[in-house]
Each structure stands twice: as structure tokens, then as C-alpha cells.
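Protein chains in written order, with our numbering: chain E, 134 to 683; chain Z, 2 to 649; chain G, 279 to 381.
Check the hints yourself; a few may be wrong.
[As the list claims (entries may be wrong)] Label pairs and their calculated CB-CB ranges:
#, chain 1, residue 1, chain 2, residue 2, range
1, E, Val652, Z, Ala61, 37 to 43 Å
2, Z, Ser472, E, Arg303, 45 to 51 Å
3, E, Ile192, G, Ala351, 36 to 42 Å
4, Z, Val573, E, Arg303, 39 to 45 Å
Because the hints were derived from the structure by calculation, they are not lab data.
Where a beta carbon is used, it is the ideal one built from N, C-alpha and C, also for glycine.
Okay, here's what each chain looks like letter by letter:
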Amino acid sequence: MFLAQATEPLEIPEVAWSSFAPELALTAAALVLLLIAIAKGRQQLVAVPAAVVSLAAGIWLVTQQLVVPGGVAIALGLALPALVFAFPRRGSLVQAWGAGLALVGALVLTGWQYLTVLEGGGTEVATIVPQAALAGALANDGIAFFTRITVYLTGLLVVPIGYGYLQDRRINRAEVEPLLLLAVVGMAALGTANDLITLFVALEVLSLALYVLAGLARRDRRSQEASLKYFVLGAVASAILLYGMALTYVASGELALPAIGSSLGLVTTDRVVATLGLALITVGLGFKVALVPFHLWTPDVYQGSPTNVTAFMAAATKAAGFAAILRLYLVAFPGLQGLWVPVLAVLAALTMLYGAYLALVQRDLKRMLAYSSITHAGYATIGVVAVSDAGLSGTLWYLLTYAVSTLGAFACVIAIERTRGGEVGLLELRGLGRTSPAIAGILSLCLLSLAGLPPTAGFVGKLVVFQAGVQAGLTWLVVIGVLSSVVAAFFYLRIAGTMFLEDADPALPLPAASSGLTVGTAVSAALVVFLGIQPQLFLQVADSAAALVR
Amino acid sequence: MKLLAVLASGVELEVVETTSGLIGLAWLIPLVPLLGFVGVLLATRALADRAATIAMGAAALTFVLSAAVATTVILEPATYVRAMPTWIDVGGFTVTFELLIDQLTAVMLLVVTGVGLLVHVYSVGYMHGDSRYPRYFGYLNLFLASMLILVLGSNLLTLFLGWELVGLSSYLLIGFWFESRSNAAAAKKAFVTNRVGDVSFMVGMFLTFATFGTLDILDVVTDAEALASGTAFALVLLFLGGAVAKSAQIPLYVWLPDAMAGPTPVSALIHAATMVTAGVYLLVRLSPLLVVSVDAMEIIAWVGALTALFAALIAVRQDGIKEILAYSTISQLGFMFLAVGVGAFRESIFHLVTHAFFKGLLFLVAGSVMHAMANRTDIWQMGGLRKVMPVTFWTAAIGTAAIAGVPPLAGFFSKDQILTEAYFHGYGAIWIIGLVAAVLTAFYMSRWFILIFLGRPRYGEVVHPHESPPSMTVPLIVLAVLSAIGGLALNAVHTGPLYRFLEPTVGPIDQLGYEPVGPLEEAVLIPLAIVAAAVGILLAYLAYARRDVSSGRMSEPVSGVGAELMERRFFVDEAYEKVFTGAGGRVAQAMVWFDTRVIDGLVDGAGAVSVAIGRVGRRAQTGLVRSYVGVVLLGAIVLVGVLMAQVV
Amino acid sequence: MSPLGPLLLATLLFCVGIYGVIARRNAVLVLMSVELMLNAVNINLVAFSNLLFPEDAAVSGQIFALFIIGVAAAEVGVGLAIVFNMFRNRASVNVDDVDLMRW
């Protein structure tokens, strides 16, 4: 009835497929992996046709001058049957390797997109529209690229880190990897979303996948509790966010973020409705990235979820959530800057202090890291409220450093948890520095990075964000940030101290890392050091990211 | 490439950017010990005792390199900049690993690597047989590398990198014998206190960048002149905050005495000769910035003077062989801060160098004594060691005389020049405090010396003291020689070689308009300082050598409230314990309480009413999910309210 | 038609939904309350798209509502699965029973 008002037939927008090539590849991979899981025992029945399709698509792409995407498709098409025939009886290995390779492919595609956009003059420019693709629904700007890098990298590390752990707990069911891939797609899409609909759908895709992943250990009451709490609170937050979006639409009449931005910049728009929308959106997104006082779900959900899922949530969700926040506030709400900057700044201050203080009194390691993740959301927000190129790239870069550090820390928790079972408290860590120096050393390294001590990634992360804050005249906020990082240093230090300065309990079994865990942990630790000493490579990308947004 | 930078004084600074020659190899100086650290730690098991050789080799190599670089600077004085790769470059914020090598750096390089090498050699004997022998040497190398990064960094951020790494490695070394809980606690205290200073330092850096648009030290000091004195005041105080923590000054000195829990050579290296002087180095490095704000300098002078006096008072009544030296270190660092504050930057560095010699020596002596006495530390249970440990005795005598200010030993020149400058720059009160502290220094060090080495043995039959092995006595002798002639050779007269050598690196004080306190000339002031030393020594002689001290503490000549206060260190540690850890803990507890009670209670749908009705039993089963939703909602309402209030 | 009517209706529905989430202990009812909130949003979108922006050929508000309906269905699916799993483990769908992890 309402549709009848559209007097002209709807125009089908031109779809620039390559502008979301990595997500396409991942979605396809998720589907194939799911089908393989369903076709239990007859994997080749799915794998062979899928491989044929992939190969054909790859060859066609190559003939279309799209060598890189074609190459990725061909490589994945070849890898799939190889995997299936290599591990005929071990479906979970096929899943893990499949997901890992798909993520590598996605990273390659992201690099290709990034270079193509940066070059600007190449023949493929037409296929990747930097600012808007799919009728403006997606923005392939710097935020999108950097979020993709962070999220795909996180996914790529989580797969091997979690593999052995899931086996041990006997919860390595076939849906794990497909769900993980879908969550990754949702996160990347959230970083790319340029209108409210895309933003909402991406948010739900990642949230729904995570609700299920949190409850992966079906018989574990804690996991189940995490899942329920996350779901109920997440659903409410989504509804509030949606209401905010609806009000924004009412105020501006637009759904595309840049259009909202220019509409809200006009004097004629209804500032009251727009402000109400802004407030509700702040609540919804603040919930997703766990800003105080919308953070309450975080400790419970992080503690209860399977640890590899926690690691993924902590590292990747935050990156995606902040990507959405950055684009929403900087692109859609610059007109209301005078309103949201002080509010977000106060929330950031609260978040930094609250998380740090609450972490001080925790005994469970996962819960402590959960509170630490709350603190880090506060630091990342400093870059947002700086409202500058430096702040934008600072936040993106901060989230990358946070992601690798927190991944490394959780990986060590997994190694400890595997042999000691159940909760890992401070007491279980006593003397770990003597009994297994490698794990204790890497855990300390990651904690030092989270505390922001040089020469680790976390230090450069904090430095760049604080720097942006000072440049934007938010010295008071930066001072609070520095203070909270001192408080935070206490509890990170307490963990390190417990491991190195206390005697081991001989009754405790030694932690053990599976091969995947070893690789994942080592890569995270290496990244923590590398990004600390030689941050330039990624900082440049983050810096050019800022340029791409405008 | 040669550039000229014009300092505020009009002094033209010759800046030479080079990657060739010996300066070009300067990047190896911190790298060699760093590689030593990595190598030793990676192969702890395989190396076993050979780890010491590797670590010592690294220390020796870096000493040779440092000496070569320093020689270049001495022969061709200039400010050298060794270009290095970029570290961070984002949005107009650029930091490189560039090295800054000027006269000040050269002096620091020699002190750090020289004392560092001696401590490595000494440790071979001292730590022999320790279960974590290789790891100890790894940590020593890490410390050396960190300190060298700190000294060589051309950028405040690289300096800060070294600053933090130094803190980290000292944490590892203080807590090295973590079997004892108090050692672990001491390590933590040191780390935490230093973090407090780091906050100040970091905020200072941010403000520096906001003011100058760069963190490059050379740029900052050349631009400092144009600064408004208010900004300069704030900047200097912020950096002072960092320096106060690292150099153990009032009010953040409490960690240093506890840090004596570490192995004694570590105390010599970290807590006497190198790390604690980092704060002094930082202030002198930034001296062109300091001179813009005389007010801030006066604060520095007072911090130093009060610390010198206060710590000396405490040292007078301590009983531990290392505790006395720890408080003495705090006091001597106070002298250096005092010097910086009164504009005597070069005298401050001079004292830093001589102090590294004699305090390093005294700590190593303490180690040697403890080695001989089966790790006893109470000086009342020693005595009469003169005959059994002749080398230790004679070197200790030189060290004590040097710190007490007996001419012509090193401490005499440096301390005297600081006091003279305080007088000539018009700081009468500070000059008097300094003199009093000098008397006290001579007193407590003589007490230390007399009770350990002179008189009759008080250690009973159980202990059989003996002279230490050559690996320990050789460093003692080297440092004793340096303590004896160091002052004479470096800067026997006020405008001696070291003074002139350091000239281009410090801020100009001509325009500060200093006026002397009174008409006294150096010819009067110098004898006055000698008298001060003599009085202190004489008093100690009368109190401890001429009287019977066999009844231990009871034989202290003076008792009463004052003495009691000094003995209990004026209760500062206890007060801090109460205030800081108490407050921090309480805040956290309050927040937990707030979480469990207030938020829960508020939200639990008219919770109070329900209780009144009598559902006490059900109330225990608080619906947490629902209360979370309630908090989110509450937050949303507040947020909406705040935002709407501004537009409606 | 005045925009006031739909606005009031939507606000009322939203509040009822929030009240339901907070007041109800039954997980299924909590789910239904969430649905109420989502549908309040839908009313807003559809009504205002129609009333305020009739010239918008893409009827974007109404399209948004369609997306929400789709996503809401998926959400209920996942939610019911979670509740079902809870019931199998604890023989209860009372959200107040889920309190293993606290401060």
C-alpha cells in the first residue's frame, strides 16, 4: 500500500562486487564449510562441486583482468578438495584449515583492495569505488580497510588458538568455524557500513553469531549463562539502537550516513528529535563496545564463554564496534559535535577509571581481562572524541594493538586452562615463571603491552591516542587516561608478579600448548613486539585511513 | 652534514649529523648488551656458568665502544647526531631512534659502562653458586642496555623508552631473590613508585609536544628560550615529578631503601651509580628549559636540599650496612638536585661522576663485607674487620674519606663546588642546609666505617670472615683509585677541564642575575667545607671509636625522641602505607560495594518495597540479567536527559 | 493524519517492551518484550516514512522496516534456541535462575 506511492519503478543499483570481495569470499567459505559439515562422511560430494564453482569463477575473474581475486578463488578452489582428501576422517581439521585459508584469502583481497584504492590510477578503479559502493550502502574508506585488517587477523589467529581447546572440551562442533566466519563478515561489514540499514544488519549478523558462540559449551552452565545474558542484553541494546536510528531517520529523512550528516548540518532540521536519536544510538553502540555504564554484560559474558570465543569477542568486536562509532559520529553527526563530544569524553573517562579499579579486585583471570577490556574501550574513545585525523587513525591503530595483545593474553590463559581445567585464578598462576617460563613470559609480555609499557605495541597504541587527545585540547581526559593506566599497571603487574615472584605449587599440572596454540600465541607475541618496535608499517595504513575517510 | 643551532645564550652549537666513523657505530653501544641479554636468556641451560663470560664480554665490548665514542667527542667536541630508522611517524608526530652524542652523553656513557663493567666482574665472584646465576647476568645486560638507550636517545620518547626499561630491569633485579616475600614486595614498591613518576613524565611529554610540536631534545632546548615562563614552569615541574621518583627524592624516595633487598652488586650499579642518576641527567639535559623558569629551579633546589638533609638525618641512626648507604645515596642525590636547582648544572654532573665512583665503591665494599660475614648486615655485629680484610678495609677507608669530603679525594671537590655555587648564586639558606648535611654525611659515614672495621670484633665465634677473591677486590681497587684521584684529575679547580668540557651542553645562567649571599670568597668557603667534614669525622670518632660500643645499639651516645624518630625513619613508610595502599584499596572496595548494593538495589524493581513486604528470601535471588537491563536503561535515561537538556 | 498518533503508539509499545524485559522473569516473555520494542521501531519507521517523506521514491524508511522484520525473525530463532537449551539444562526458563557469575 505504501509502496504504491513510488511512482517510478525502483532502480536496481549497480553492484560493485569487488568492493566487498573479502566478505563475499568469507560468506561463500562459511556456506561451503557448513554444507561439508552437514554432508558428514560424504564431504567430497560438497567439496568437489564447490571447488569446481570456485575454480570456474576464479578463471572467469582472471579473464576479466581481476587477477588477484581470481587467484584467491582459484587457490581456495584448489585447497578445498585437497583438505577434504587429506583429512577424510577428521572433519574438524578440514573446518579449521578451511576457515584459516579463507581468512588468509580475505586478507589478501583486502590488501589488493587497499592498494588499488590507494593507487587510484589503475585499471581497476572503476570496480572499487572508494567512497561508496552498492548505491552508497558501503564505504570502502580507511576505516573499512583497517577494520578488515584487524578483524581478519584476529579471526586468523583465533582459529588455531582455539582448535585444541575446543577439542579438549569436546565442543568442537561443526558450526564453530562457519559461525566464526559469519561473525567476521558481520564485523567487517560493520566497518564498511555507510547507511543505517547496512549498519544494523551487520551488527545483527555479528551479534547473532556471537550469541551462539558464547553458548557453545551447551552443558556448561556458565557458558549457557553467558549466552543468555549476552542475548537478552544485546537484544535490548539493539532495540534501543534501532529506536535511535529511527529517530535519526525521522529528523533527517535519510538513511545514508553522509546524507544524514549534511541534513543534520542544516538549521532547519529538528534538533530535538535528532539529539534524542543520537542519545539512543550512543547507548546502543556504547553497549556493544562496553562503555560504562553500558558495560555490565562484559565481565559475565567474557568469563562464561569458551575462552577462545572470549578472545575473539574481546579483540574483534571492539574493533568493529569502534569502526561503526567512528563513521557514525564523524560522518553522520558532525553537526551535533558540540553535544556528543563532551558526553563521549565523560563516558571515556568513567570507563577508563571504572574498568581499572574493578579489575584490581578480581581474582579470576578471564574476568580480570574482561574488566581490562572495558578500560581499553575508554582509551579507544579518546581518539573518537579528538575528532581529528590523528584521533581517527589513533583509534584504529589502538584497536589493532589491543587486539594482538589481548589475543596473546587469552591464548596463554587457554594454555593454562587446558591442563588445570575450569577457572584460572591468580592462585593457579603462582610460580608459573619457573615451571613454564615460555607461557609466563609471553603472558607477561602481553600484559605489559596492555598496561602500555614500552617497547610493546600497547605503548605505541596509547601514545598515539593520547597524542591525538592532547592535540585536540583534551588534556584532562589524557591525564585521566594516564592515571588509569597506572592503576591498571597494578593488576597487570600483580599477575606477572604472581608468576615470577612466587613459588610454584608442585601439585599443579604444567600448562600445555597444542601445536595450533603454540603458533597462534607465538605470532601474537611476535606482533606485540613488532608493532611496538616497528609500528610504522601499520601506522602508515592507519594514517592514510584518515585521509580516505574525508 | 654540519648544522648550527643557536642556543639561548647565543652559544653556537655545532650539530654534526653523521653515520660514519666511530660515531656511526654508536648504535652498537646499547645493542651489544641487549644481544647479550637475549642470548643469555635463550640459552640459560646450555650456557650455565659460561653465561657470565658472555655477559661480561658484552659489557666489556660496549665499554670499549663507549670509550671510543667518548674519545671522539673529546678530541673533536661537537654535538653529534647519529641518524637511525624511524620509530613512529603518524599525523605530524615523528619519533626516530636517532642517537644524540654530545659531551654530556660522553660523560654518562663512560660512567655507565665503566661502573657497569666493574659490577659485572665483581658479580662473577659475588654471585657464584647462585641457582639462577646465568639469568642474573642476563638481567644485568638488559639493565645496561636500557640505561644506554636512556642516555643516548635524542628524543624524549626514546629517553622514556630507556627510562621504563631501566625501571623494568631494576624490578627484575631487586626481586631477583624472590624466595623471600619482602624482596618481592620491595621490587613491587620500586616499580609502583616509579610509575607514579612516570605519569608526571608522560604528561610532561604530552605538554612538550603540544608546546613545541616535537619531542626532539635538541629542538626543544633550542626553542626553549622563547617559552612563556608559566609554560616552562609547568613543564619543568612535570619532568621534575618523573626525576624525583627515579632519583629517589622527597617525597618519592621510599622505594630506594627497600630496594636494597636485591643482590649487593645490583645496589652498587643501579641504586648508586647509574639508574638513580637518570633523574639528574634528565634535568641537566633539559637545563636550557630549566633556566627559563627560575621559580621551578628554586623548587628543585629546595627538594634537593631538604632531601639531602632529611636522608642524612635518617642515615645517622640506621643499623643495616646497606640501609645507611641507601639513605646516603638519597642524600647525595639531594646534593645533585640542589646543584641543578641553584644553576650549578656542571657541578651536579661532576658530583654525579664522583658519586658513581665512591658510592659504587662503598656498595661493593658492603658486598665484600657481607660476603665475608655470611650475609650479616647489622653493623653492630661487626667491628675489627681491619685485620682480616685488608684490601676491603683500605678501599673502604678511601671511599669513606671521599664521600665525607676529605681533600684531596673526589667527593671533596664536587661537594665543595656545589656548596660554593649555592653561595655565589645567592641561596643562603640552602647553602647552610647543605653545610649541615655535609657535616652529617661525614658523621654517619665515619660511624659506618668505624663500627665495621675498627675496634674489637663483635661477631662472635660463628662467623669466620676472610678477604674476598680477586674478582671482587680488583673492582674495589679500581674504584678506590678513581675515588681518590677522580676529583683532582677531572675538575680540581672550579673551572677545570670537566667544567669547560660540558659547557656547550648546559643551559646559560648568565641572564638569571645571580648575586652572592655575602662577601665571602672561595678562599674562605673551601676551608669551611673542610672544617665541616672534619667536625663530622671528629664527632663520630668521639662517639664510636673512643667509647665502648660492645653493647650494640645501647651504646649510641644520644637517645631521646629525635633519635627515635631518626631511627624509625620519621615514620614516612608507615604513613605512605596507610595513605596510598589504604586509599587505593578503599576506592576499589567502595566501587564493588556500589556495584553490588547501590546499582543492584536501585534497579531491583522497587527493591526496598519488596523487602518491606517480606520477600526477604526471594531477594537473595536477585535477577541479575534484569538488573543489568535496568542499569542500561538508567544510563540511557541519564544520557538522554543530559543531551536533551542542552537542546530543548 | 497527525504524526502524533503513531509516535505515541510507538513510544508506548517501546516502553511496554522495556518494562516487560525488566519485570518478567520468564525468558520467553522477555523475548516477546524485545519483539515489542523492535515493532515499536517499525511503527515509527513506516509511519514517518509515509507521513513526513512522501516524496522519497525509495521509501527508505519502509525498506528499513522490512529489514528489521527479517532480522527480528532470526533473532527470535536464536533466542528461542538459547532458552530451549537453558530449559534442557536447568528445567527452568526463569531468567533469575541464571546468576552463577556475579561481581
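How does the Cβ-Cβ distance of Ser472 (chain Z) and Arg303 (chain E) compare with 45 to 51 Å: does it lie in that range? violated (59 Å)
At the C-beta level, are Val573 (chain Z) and Arg303 (chain E) separated by a distance inside 39 to 45 Å? Violated, since Val573 (chain Z) and Arg303 (chain E) (Cβ atoms, about 58 Å apart) do not stay within the stated range.
Using the Cβ atoms, figure out if Val652 (chain E) sits within 37 to 43 Å of Ala61 (chain Z). holds (39 Å)
Just tell me: holds or violated, for the beta carbon distance of Ile192 (chain E) and Ala351 (chain G) against 36 to 42 Å? Check passed, 38 Å falls within 36 to 42 Å.
Violated hints for the displayed structure, listed by number in ascending order: 2 and 4.
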